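Here the protein sequences line up with chains A and B, keeping their order. If you read the first sequence in my numbering, its first letter stands for residue 1, the second for the next number, and so on. If you read the second sequence in my numbering, its first letter stands for residue 1, the second for the next number, and so on.
It is possible that part of the hints are untrue.
[Stated by the list, open to error] Cross-link-like lysine-lysine pairs, in silico, DSSO-like; alpha carbons within 30 Å at most:
id, chain 1, residue 1, chain 2, residue 2
1, B, K3, A, K324
2, B, K3, A, K468
3, A, K324, B, K102
4, B, K23, A, K324
5, A, K439, B, K102
6, A, K293, B, K23
Derived by calculation from the structure, the hints in this document are not laboratory data. These numbers were taken from a predicted model, which means no experiment stands behind them.
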Amino acid sequence: MFTISQSVWFTSAIRGERYISRVYFSAGNDPYLILSVPSQHGIVAARLHLDVLREVVLRVRLGETGKVYIIDESGDLIADSDAAIIQQSPSLLERPEAQSAISGGADGWKGAYTNFNGKKVLGQSIAVFDGKWIIFVEISREEAFAVTRLVSIVISLIVLLVFAAAMLAGNIVLMRYIFKPIEILRNGTFQIGEGDLEHHIKFNRQDEITLVGEAFNEMARKLSAREAALGETLKKAVDVNRYKSEVLAHVSHDLRTPLGGIIGFSEILAEEVDGSLNAEQKQRVERVLVNAKRLRDMVETLLDQAQLERGTLHLHENAFATAKFIEPLHTYEIMTKGKEISLNVEIEPGFPETLRGDMLRLQEVLVNLVDNAIKFTRKGGITVTLFRPDEDHWAFSVQDTGMGIPADAHEYIFESFRQVDASTKRVHGGAGLGLSIVKQIVQLMEGTISLQSQIGTGSTFTVILPMKKGSNK
Amino acid sequence: MNKLAFVIEDDPDLAVIFSKALKSDSMDIEIIADGLDATKRLAEDVPTVVVLDMHLPNVDGVEILARIRRDPRLAATRVIVATADANMVDIIEKDADIVLLKPVSYHQLRELAARLLMSD
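Please work from the sequences and hints to get the whole structure.
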C-alpha cells in the first residue's frame, strides 16, 4: 500500500531538505512536478503544473532566433519555447552541451555548438534549484555574428538567463505562497460580496498569509455583526417612525377636545352672548380666538399628516352640491371685511350643480389654498374659479395677487416642512405642512395640483380632479 | 309650548357651548352626558333637535343614532352629529341630518341649527 510517508517528497522535506521531483506526465499528458519544502508545522508540498514553465520560456525573447529551454538533472527536457517538443520529453543527457552544463554546476556554462534541433547556436546555461534544473538560452550563430558587437549579445544572454531564472523561481514561489492564498482570498471576498457573511477562509499554514486570512475572517465576522446591528437599527427606526405617527395622531386627537372648549367659549364671549364686554376686553378675547384657531389648524394639519403617513387617511365619497362645497368660503367674506383684500368666487357657466367625492377633504384643500393666498396677499384680490377643463374632469383654481413664488421653489413648495424661505416662514408662520398635505390629498383623489406664479404679480394654484360617476355632467 | 333640544355630550365644556349655540327664546335645552341616560330620555320625550357626540359612556352615539332612526315617534327629530373621527362620517352620514367634525365652532353650529330649524 502506498503511503505518503514513503514518498520521496515527504521524506526529503521532513528531513528539512527542499525537494523537486523530475517531470511527470499526467493522464492528459500535461507535464507536472512535485515540490516540497519544510515548514514551521510540517511540510508544504505542491504539484506544479509546467504550464508555468511554458509561460516562462515563451515570455523570454531574444532576437529573431532566440530560444529558451529547461532540462532537469537527468537531462530530460521539461520546458521549451517551442512548446510542442516537451510533450515528447526527449532526453538531452547524451548531448555535450547538456553534460557540460550539468557538470558546470551553479556557475553555468557557455559555448558555440549545434543544439538538439540541429541548429548552430551560441548558448549559455545556468543551473537553478541546487542544480536540479538547467536553463538554456540560445541564439543562432548566424544572427549572433550578424551583429557586430558580439559582446553585447553575450551580456544580453546573461541578463536573459538571470531574468529567466528569477522568473522561474519567482513563479514557483508566487504560485504556492502568493497566488493560491490570493485566489482563496479573492474567492472569499467574492462570497462576502455576494452576501454570504458566514463564509470563512482557512489556510493550512502558519505565517503572514495566515494572519491575513485571520484578519479576513475577523472582517467577515464584524461585517456580519454590523449587518445584524444595522438591521436592528433599521427596524427600530421604522418602529419609531410608526410610533411617532401614532403618537402624533393620538396627541392631535386629544388636543382637539380642549381646543374646542377654548374656541367655543371665546366665541361666546366675543359674541357677548353672556353680556357686553368693553372694547379692550373684546379685543383681548378676539386675540384668544385667533390664536386658538391657529392652534386648531396646526393640530388638524398634524393629524392629517399623521394619517397620511400611516395610510389611515381614507376618502369618503359621496354626491354633494357644488354650492355646499364652496360654503366655507363665506366665512372669508367676513374675515376679509375691512382689509384691503377681496374674495371672489366665479363658477363657469354650465358647471355641474352636483359633484362626487369626499367633500370635507375637498373643502380642506380649497380652504388651505385660500388661507395660503390670504396669508401671502397684503393687498388685492383672491379669485376662486370652478371650471371644467374637459369632459372627464372638473377643477378649481385659487388665484391671488400676492408676492408670487419664485420658479425654483415651485418643485419643493409641495414638500413637507418647506416654505419659500426661512424669513418668509417667520412672517407667515405655519408648520409648512399645508401644501404638502394638499398635494397628498389631491393625489389620493387621483387628481393633480399645479402652480403658475410670477414674482410680484401673484400665484394661481389649480386643482384638477376626475369627474366621478354620480356627478351630473 | 317650547321646542326641546337634547345636547348629548359627555364633555361639560362642549355641552355648554353647544347649548349656547342652540339657545333661543323658543327652545328648551337639556344636557345629557351619558349614553344610557340619553336612550331613556329619548324614550320619554320627542326633541326637535339632538346634538349627538359619538363617544359616550355606556351607550355610544352610533347606537343612539340608530335607535332614533328606528323610532317612528322621532321621525321628525333633526340630529346633528359631532364627531372628532372623520372615518365615522361614512357610517353615520345616512342617518344624521348634519355631521360636524370636531372641534365644532360655536358659530358654525348656531348658524346650522338656525337654518335647520328655519326650514322646518
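Taking the numbered hints from earlier one at a time, note which ones the structure violates and give those numbers from smallest to largest. Hint 2 alone not satisfied by this model.
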